[in-house]
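Here is what each chain is made of, one letter per residue.
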Amino acid sequence: DQQVKQNSPSLSVQEGRISILNCDYTNSMFDYFLWYKKYPAEGPTFLISISSIKDKNEDGRFTVFLNKSAKHLSLHIVPSQPGDSAVYFCAAIQGGSEKLVFGKGTKLTVNP
Amino acid sequence: DAGITQSPRHKVTETGTPVTLRCHQTENHRYMYWYRQDPGHGLRLIHYSYGVKDTDKGEVSDGYSVSRSKTEDFLLTLESATSSQTSVYFCAISELGVQGGNQPQHFGDGTRLSIL
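Chains A and B are the protein sequences, given in the same order.
For the first sequence, the residue numbers in this note's numbering are 1 to 112.
For the second sequence, the residue numbers in this note's numbering are 1 to 116.
One or more hints might be untrue.
[Said to hold, decoys possible] No farther apart than 30 Å at their CA atoms in a straight line, the calculated lysine-lysine pairs in the DSSO-like style are these:
#: 1; chain 1: A; residue 1: K5; chain 2: A; residue 2: K99
#: 2; chain 1: B; residue 1: K57; chain 2: A; residue 2: K71
#: 3; chain 1: A; residue 1: K99; chain 2: B; residue 2: K57
Hints are computed from structural coordinates only; laboratory data are not their basis.
Based on the provided sequences and hints, a complete structural model is requested.
Here it is as structure tokens:
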């Protein structure tokens, strides 16, 4: 039973436009959410996180939005750049735990 | 880059053989983790360690054991490898744990393991 779902396996956007990656979760005990980016043949790298006490967190071109009532979060990348082309993983965790649960990932392609 | 080294980077072995993967860190971080990544599954936690000799199971721990006898090394062992354990294995480290600080985890570049 998937607790973290990324229903879009892939997304293609034009350079300079906004990329929106979505993530849904089913476990209401999750209270901390993270996004990771992964290039081929490399390990994932941390992008941005958000606590359940917030509904938005921003870091440069990256913004994460959390809608707890809908159990939904999204990652916005503005403006998108070709170097953003990668697989993006959404992940979630319960307070006090170290057991991070990942979604299956969304492959983002940013076209020049 | 965080000092994480996974070895070997690639390995091909046969069903039934024992396999040990090594994760070595130079950051003196308390937490270390082993994940596997498979198509259609994202990353799944196998085991993690919260200190020397302190380990706990993750989501997919069956068939795997771990050991951490010193801060810098976290070993993952497949006692009798099966084809279902063919995967890419990632080690990660964290100073304060996933929910601590601004850099929850740093990942190594992975070990590609094929079991025939």
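Any hints this thing doesn't respect? Which numbers, in order?
none
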